[in-house]
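*Asks:* Residue numbers (our numbering), protein chains in the order written: chain A, 60 to 317; chain B, 60 to 317; chain C, 60 to 317; chain D, 60 to 317.
Just so you know, not all the hints are guaranteed correct.
Identical chains blur together in the list; that is why a pair holds if it fits in one copy or across any two.
What the hints assert, rightly or not - Derived SDA-like pairs: lysine to any residue, alpha-carbon spacing no greater than 25 Å straight-line:
#: 1; residue 1: 93; residue 2: 183
#: 2; residue 1: 198; residue 2: 307
#: 3; residue 1: 210; residue 2: 75
#: 4; residue 1: 93; residue 2: 221
#: 5; residue 1: 93; residue 2: 185
Hints are computed from structural coordinates only; laboratory data are not their basis.
4 protein chains.
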Amino acid sequence: MPDSPSSPVTRIARHTREAIYVREANLVDDLIGKLTFTEMIYFQLMGRRPTAAQTRILDAVLVTLMEHGLTPSVIATRMVYDSCPEAIQAAVAAGLLAVGSTFVGTMEGCAALIEEIRAAPEGEAARARAIAERHRGAKLPLPGFGHPLHKPDDPRSPRLLQLAEDAGLAGNHIRALRALAAQVDSVYGRHITINATGAVAALLGEIEIPPAVMRGIAVVSRSAGLVGHIREEQLDPAARHMWRLIDEQLPYRADPAE
Amino acid sequence: MPDSPSSPVTRIARHTREAIYVREANLVDDLIGKLTFTEMIYFQLMGRRPTAAQTRILDAVLVTLMEHGLTPSVIATRMVYDSCPEAIQAAVAAGLLAVGSTFVGTMEGCAALIEEIRAAPEGEAARARAIAERHRGAKLPLPGFGHPLHKPDDPRSPRLLQLAEDAGLAGNHIRALRALAAQVDSVYGRHITINATGAVAALLGEIEIPPAVMRGIAVVSRSAGLVGHIREEQLDPAARHMWRLIDEQLPYRADPAE
Amino acid sequence: MPDSPSSPVTRIARHTREAIYVREANLVDDLIGKLTFTEMIYFQLMGRRPTAAQTRILDAVLVTLMEHGLTPSVIATRMVYDSCPEAIQAAVAAGLLAVGSTFVGTMEGCAALIEEIRAAPEGEAARARAIAERHRGAKLPLPGFGHPLHKPDDPRSPRLLQLAEDAGLAGNHIRALRALAAQVDSVYGRHITINATGAVAALLGEIEIPPAVMRGIAVVSRSAGLVGHIREEQLDPAARHMWRLIDEQLPYRADPAE
Amino acid sequence: MPDSPSSPVTRIARHTREAIYVREANLVDDLIGKLTFTEMIYFQLMGRRPTAAQTRILDAVLVTLMEHGLTPSVIATRMVYDSCPEAIQAAVAAGLLAVGSTFVGTMEGCAALIEEIRAAPEGEAARARAIAERHRGAKLPLPGFGHPLHKPDDPRSPRLLQLAEDAGLAGNHIRALRALAAQVDSVYGRHITINATGAVAALLGEIEIPPAVMRGIAVVSRSAGLVGHIREEQLDPAARHMWRLIDEQLPYRADPAE
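Please build the complete structure, drawing on both the sequences and the hints.
*Replies:* Now the structure itself:
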């Protein structure tokens, strides 16, 4: 009997008095001390153990996305930590709420373009060119390309792509992304870097993470980054200084409407 | 010149046009492809690379805490995912808000008892006995001990403690926890299990994670667990069924006060 | 000199040692004890005091959206409260994260349709018919119409529309919504109710709340609803029972892929 | 049969196909258009309609707590809004997470002192003096007293206390707070202002809001304040400027430990 919507199940975990099972593996006998955290993340998400190459790529992605200084996400976390130090999970949650469409969400947009190129019956180069022209014509931002700070290239992207190519994965997603990058430079008439979220979209595609949950990988990585900032806030508090900077340097002006 | 409260700094990350540095390591050259995610978590949090033994223990802790079925945290995540599928970071954040004092927070309480035992001038056994008697006398819950489901023993704890002992760490925190466990059984007159948060408190102490940020390790691990549940909700939705169960089986009754 | 993007300001509040000003009104002299909470909400959001009719409508909307039983939002709040009772703001935040696109977000979609009808050069009825046909043809959900439980009519909608008509507002948004409702019944060949979010979209339009921030009104109202559920959880705990229901009645099944 | 823990109920709301009931009142017939939002908040929370005096005081409290400029809470909201503009509930949630122990939580601490004074068998003045001496001796912060900015007096407090006295409430909580204030000035040898959270604690006590849920009133009020800041961010974006201020003016320094 198929699982109808009226009788859903969970396939992730069950427990008895003596044991906990995650996807049929015994947590104590088969997972603790046997899998790295990265392998366990893949196992929890995908229902199967990763290969060594998949683990290597997932590690690289998780290391890449953890930290980029005093970002909006970090600022939100530090504001909440200072206001509620007894519940550090709330500070992490506040920062994770900033892992949204503006920055990280471009990963999914880039993954969709990669899928579109890979599925194009007319060939990858032709579709890549069409995508570049379509975005340029409509003055749309091209997800996965460009970086406000890192020029001419986001240093993370070539490293990530090289790692994936060296790891011996199929390489279809990376090839599609490189095809797009070539057409982007041609159509826009200047070099536009593949940024880190673009490279990550290709790498997560290579290791079979579905686009609909790619942002979750960023969320896990960022959660660790934010815990690091909470620890720094415990040792060297900066939140009050941040607040003072904003309070003093962002002036009030009377609303002309009143 | 010392850093006064009026001139705080960050010691975590900086960036230039060409590079990103995390704690003076070049992200691209020194970290991506060189460190596992677990090593990077330790590096981000502690400002130094972990030893192989520390990495092994941190991996074991992160694997242990990720998943325990349809917990309140998972239920919160699934409710929010169903209501707002376009922002999965919000669903993860909602679940993380449940990583609070009731369940995971006992880790910090147990770490404090371990510290108390280790620092006791009268000897560890004497202080362990005093702690057990103090909690029993005041009918206080003993953080890190007991489990509503897993009896007689939480299966995760012996595995975790054994792993740490095999890893060749100093063992001071584990010895203090074992001393407490022995006195607890004696004072209460029955066996009370060291639970997973108790064992984790000892292990994180062994690898020098400060108690004030231990909960953050659980938050990182749980964030990955919650992403797995979001993926399951995408494939096999259960949130509406959970809602219906509660709506149908938790009856309304008129308030006697009205 | 115009405010350039590089020199932003705030127009909401400022403070001195002796006073706090909100949009040039003295909080102590002009607002506390002078404005109701509802009037203050409008003042904070819009930068001007509401008329009596606007206040009456905003009150009706805020009363309407507060409570609808054990919804996903309430379930999330109760799960987090039970896990972290010392930080009730976290429990409210978790529940508010469920005020997303699935349920409340249809308000904005309906507001967009109302705007489209009002701006149509070919006349409101013609555009309303085109909208109904467009949604029916594409089998798209029609935001603001239909309700899974309340049939044939969502009881809140006629009451809200009547209140707004009685309040002496211009009525343009309500007229457009009623025009759409008439065409919907005609095009679909059956009566489909205007639901509460549809009526609220029209009412908030009447009192000049911009669609981009309409969801915020629901958030404020729901926050009060959730505090009520936290209070009930303090007096008559139900979260553990909800958890048990789900744990017992949502079965585990092994993943066929493993 | 009493409600055992194993058969919990909800007393808040129920619904049929035709109607929604909140605490036995018909939402459509009895509440929408009949109660103000403030009256509905009290009804939802307390299970009974407020008196006119109670409504007046609750309005004053809700108006008072809504807005105080670019606070940590507002900064968190603006950071998240800029990163995820499609889900404004997430931005509000992030800001509410900052309604924690550091600032607003002192309300509950002050309410506990008021309760202690009111219940003291030796008389209110004696207990108030003992409390002041106890806090001064232990160098503990005195919840509800002092303000970093507003000196010599928080302007909100005398206004709130006066309003409550004029409203004809019993006045027991206010009398206890005033008794404490008198002893504080005497014991500390200087005037220390009753701050807004102190006055609010007394007012909410007067209208019978239990201390365990007082913070929820602040959460509701702040949620409206935060929606106002989201609207300003839509019209006059400032989040990027805040980010730039912090990124530029909070310097990186190498960790001496590395």
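*Asks:* Confirm or reject each hint.
*Replies:* Evaluated hints:
1. 93 - 183: Answer is neither: 41 Å inside a copy and 33 Å across each miss the 25 Å cutoff.
2. 198 - 307: Answer is neither: 37 Å inside a copy and 30 Å across each miss the 25 Å cutoff.
3. 210 - 75: between (55 Å within a copy, 10 Å between copies)
4. 93 - 221: between (28 Å within a copy, 13 Å between copies)
5. 93 - 185: This pair counts as neither: shortest intra-copy Cα distance 46 Å, inter-copy 37 Å.
The structure fails hints 1, 2, 5 (numbered hints given earlier, in ascending order).
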